[in-house]
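Given chain A, work out where chain B should sit, using these hints.
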Amino acid sequence: MYTIWHEKVLLHRLYEERDPEAFGELYDEYAPKIYRYVYFKVSGATEAEDLTAEVFLKTWEYVQRHTGDTTKRIGNFRAFVYRLARNIVVDYYRNRAERELLADTEAMERVPAPEHKNVAASVSLNFDMHLVEQALKSLKDDYRELVILKYIEGLSTVEIARITDKSKGAVRVTLHRALNALREEMEKIENNSKSK
Amino acid sequence: MTHHQLKRQLKTLQAIAPNAAWQSSRRDILLAQVRAQSALRSVNETPLSWRAKLNEYLRLVFLFTDGVVATLAARGMVVASLVVVMIFASGGYVVAASAHSYPGDRLYGLKLAVENIELKVAPSPRARVALQVEFASRRLEELSELTRRNGNNLPAAELLVSQFETNVHNAAATTTEVSANSPEKGLEIARIVDERVGQYEHTLQQTKASTQNTDLSYRVDQALSTVNRAGTGALKVIVAEDTTVGAEVADKIDNKIKNAEETLRLADAKLEGLPAGQAGGAKSTASIDNSDDEEAAEARAQSAVAKTNLAEAKKKVVEGDYKAAVAILEGVADIVDEVAATAENLNKADVEGEVKGETAGEEGAAETTNDAQEEQQVSENN
Numbered sequence: 001m002y003t004i005w006h007e008k009v010l011l012h013r014l015y016e017e018r019d020p021e022a023f024g025e026l027y028d029e030y031a032p033k034i035y036r037y038v039y040f041k042v043s044g045a046t047e048a049e050d051l052t053a054e055v056f057l058k059t060w061e062y063v064q065r066h067t068g069d070t071t072k073r074i075g076n077f078r079a080f081v082y083r084l085a086r087n088i089v090v091d092y093y094r095n096r097a098e099r100e101l102l103a104d105t106e107a108m109e110r111v112p113a114p115e116h117k118n119v120a121a122s123v124s125l126n127f128d129m130h131l132v133e134q135a136l137k138s139l140k141d142d143y144r145e146l147v148i149l150k151y152i153e154g155l156s157t158v159e160i161a162r163i164t165d166k167s168k169g170a171v172r173v174t175l176h177r178a179l180n181a182l183r184e185e186m187e188k189i190e191n192n193s194k195s196k
Numbered sequence: 197m198t199h200h201q202l203k204r205q206l207k208t209l210q211a212i213a214p215n216a217a218w219q220s221s222r223r224d225i226l227l228a229q230v231r232a233q234s235a236l237r238s239v240n241e242t243p244l245s246w247r248a249k250l251n252e253y254l255r256l257v258f259l260f261t262d263g264v265v266a267t268l269a270a271r272g273m274v275v276a277s278l279v280v281v282m283i284f285a286s287g288g289y290v291v292a293a294s295a296h297s298y299p300g301d302r303l304y305g306l307k308l309a310v311e312n313i314e315l316k317v318a319p320s321p322r323a324r325v326a327l328q329v330e331f332a333s334r335r336l337e338e339l340s341e342l343t344r345r346n347g348n349n350l351p352a353a354e355l356l357v358s359q360f361e362t363n364v365h366n367a368a369a370t371t372t373e374v375s376a377n378s379p380e381k382g383l384e385i386a387r388i389v390d391e392r393v394g395q396y397e398h399t400l401q402q403t404k405a406s407t408q409n410t411d412l413s414y415r416v417d418q419a420l421s422t423v424n425r426a427g428t429g430a431l432k433v434i435v436a437e438d439t440t441v442g443a444e445v446a447d448k449i450d451n452k453i454k455n456a457e458e459t460l461r462l463a464d465a466k467l468e469g470l471p472a473g474q475a476g477g478a479k480s481t482a483s484i485d486n487s488d489d490e491e492a493a494e495a496r497a498q499s500a501v502a503k504t505n506l507a508e509a510k511k512k513v514v515e516g517d518y519k520a521a522v523a524i525l526e527g528v529a530d531i532v533d534e535v536a537a538t539a540e541n542l543n544k545a546d547v548e549g550e551v552k553g554e555t556a557g558e559e560g561a562a563e564t565t566n567d568a569q570e571e572q573q574v575s576e577n578n
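Protein chains in written order, with our numbering: chain A, 1 to 196; chain B, 197 to 578.
In short, the hints are calculated from the structure, not lab data. Just so it is clear, CB atoms sit at the ideal spot from N, CA and C, and this is done for glycine as well. Just to be clear, a hint being listed does not mean it is correct.
Over the 10 Å line for every Cβ pair with chain A, so calculated as not near, a few chain B residues [to be verified]: (1) Gln-205; (2) Pro-214; (3) Gln-229; (4) Tyr-304; (5) Val-310; (6) Ser-340; (7) Arg-345; (8) Thr-372; (9) Pro-379; (10) Ala-405; (11) Lys-466; (12) Ala-507; (13) Lys-512.
Quick look at which bits of chain A chain B covers, simulated, 3 or more residues with Cβ under 8 Å [what the hints assert, rightly or not]: (14) 27–37; (15) 44–54; (16) 57–66; (17) 129–135; (18) 145–155; (19) 179–189.
Okay, chain A solo, but in the shape it has when bound:
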């Protein structure tokens, strides 16, 4: 089971023993998470894959560069890698500032249908996912980012504050507003689909 202590052991192996497999294990744990985080912030799966790959490449370059300097070693891998992903997405936006965020239907195909539910429940589950995903994309980036980190990736408010360079209070306030905004969007989308 992957725990924070196991992560510390991996970092130790990475820095002290230069064990490549330690980096591989960190990649195995965080690649899906970082992909998901990036996926909701860019326009498609291909961009999410490219940027996720860039995150881990740059993480390794950072490790290489600062192996000899104990003050610059990664202490908290989770915070580091999310923060790096955030910066890489910021750079992505800078280069493609006019691209609109669009969810693509590939996401629906990746969700395994829950086998224990009946067909009606499966359809309902997929519809709910689609609804919330659509509403999420309609939020402004500030709100969307915090919702993703808190309620999809499961990070704590303190961790989110560290990653986003906001105060804890600002994170709490913004999350509260973000959930309200998300709820309004979902109600709007549901009402629109019912009226058709």
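Okay, now just chain B, sitting in the frame of chain A:
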């Protein structure tokens, strides 16, 4: 809908995941680089006797075949794994075949592993540097081929640029280290590096001109900076140890000065193009505008300092004092790079949602969360 229901719905999005085949292939590419660079660091830090080198060589051979065989066998490719076992019994046929492989090809990992072994068993620093500059050239060749085959494969291209820089950087570091202990040997090694610098610059400039990807273009600029520093380091050793240097060295120093001046000219143009009070494009708070203005002003001041130094370096070249000219170039390189990077960053378009400072001062009703518990958990994690 309550917040609780909403949070439950958000959790369903945790099912979104990357393609398993993509995740696995990306892992392989990444770990190939990690293994290669981890071994390079060991080579540079731990000088080995010939017996220890031979043992290390055999260990790597078995490690590689074991790892590749296990991987291939796990993927059900039993026949392929048997072929790999035959590689080292075949007299190196497959190893020779791997020499023409590129990132994404099946034998590319073997190519890197063989290069790694060659570095490990290199009999002297001179031989090692000769290998490093050769491997750097190969990375550039692979980059050209990769760009030709699939211009959009940015992660693989960045990996190659990164590997190229590592080889150049290590060769330059060895040059400095050896020349400090043995000037004659340092001079030989410096010449090896110096001979390649022109070729590297030419190839990188061609790659930059042929790509429309701004990220790769920026990465190539960084590699050019690495090559520039390595070249300056080599020239420094050459002018210090070889009293017969003449017009050829003067030309090289002159070209470096011109390149630095051109970099500053482009940076100045970007800095001049920034609107006053809005140095980075549309920003939302006064505090961000002010800090960008300060940064731009600082960059302009540094640019002026660098230009003064470069003018001084030109005088030294005319006077024939090549040592002083190279020393100035070495000192001014950091300033030039920093000015260029600042100009580039400030000139880029603003980002939607870049809200650093936007929520400052926003206080009010808060959602109830257990911050003390979260803080304790995070401090335990650290």
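Outcome of the hint check:
1. With a minimum CB-CB distance of about 5 Å to chain A, Gln-205 (chain B) fails to clear the 10 Å threshold, and the non-interface call is violated.
2. Non-interface call for Pro-214 (chain B) relative to chain A: violated, since the shortest CB-CB distance, roughly 4 Å, does not exceed 10 Å.
3. A beta-carbon of chain A is positioned within 10 Å of the beta-carbon of Gln-229 (chain B); the least distance is around 7 Å.
4. The Cβ of Tyr-304 (chain B) sits about 16 Å from the closest Cβ of chain A, beyond the 10 Å cut-off, so the non-interface label holds.
5. For Val-310 (chain B), the shortest C-beta to C-beta distance to chain A comes to about 17 Å, beyond the 10 Å cut-off, and the non-interface label holds.
6. The Cβ of Ser-340 (chain B) sits about 20 Å from the closest Cβ of chain A, beyond the 10 Å cut-off, so the non-interface label holds.
7. Taking the minimum C-beta to C-beta distance to chain A, about 16 Å, the non-interface status of Arg-345 (chain B) holds against the 10 Å cut.
8. With a closest Cβ-Cβ approach of about 16 Å to chain A, Thr-372 (chain B) is found to remain outside the 10 Å limit, as its non-interface label requires.
9. With 10 Å as the threshold on Cβ separation, the claim that Pro-379 (chain B) sits away from chain A holds: the shortest Cβ distance comes to roughly 27 Å.
10. For Ala-405 (chain B), the condition that its CB be more than 10 Å from all CB atoms of chain A holds, with the nearest at approximately 18 Å.
11. For Lys-466 (chain B), the non-interface assignment is confirmed: its Cβ lies about 14 Å from the closest Cβ of chain A, beyond the 10 Å cut-off.
12. Under the 10 Å C-beta cut-off, the non-interface status given to Ala-507 (chain B) relative to chain A holds; the minimum distance is some 33 Å.
13. Distance check for Lys-512 (chain B) against chain A: the nearest CB is about 33 Å away, which clears 10 Å, and the non-interface claim stands.
14. Coverage of the segment 27–37 of chain A by chain B holds [criterion: at least 3 residues with CB-CB distance below 8 Å; count 6].
15. Under the rule that three or more residues need a Cβ within less than 8 Å of chain B, the assignment of the segment 44–54 of chain A holds, with 7 such residues.
16. Here's how the segment 57–66 of chain A fares: 4 of its residues keep a CB closer than 8 Å to some CB of chain B, so the rule of at least three is met and the hint holds.
17. Here's how the segment 129–135 of chain A fares: 4 of its residues keep a CB closer than 8 Å to some CB of chain B, so the rule of at least three is met and the hint holds.
18. For the segment 145–155 of chain A, the stated coverage by chain B is satisfied: 4 residues place a CB nearer than 8 Å to a CB of that chain, which reaches the threshold of 3.
19. For the segment 179–189 of chain A, the proposed coverage by chain B is satisfied: 5 residues have a C-beta within less than 8 Å of a C-beta in that chain, meeting the threshold of three.
Consistency with the previously given hints fails for numbers 1, 2, 3, ordered from lowest to highest.
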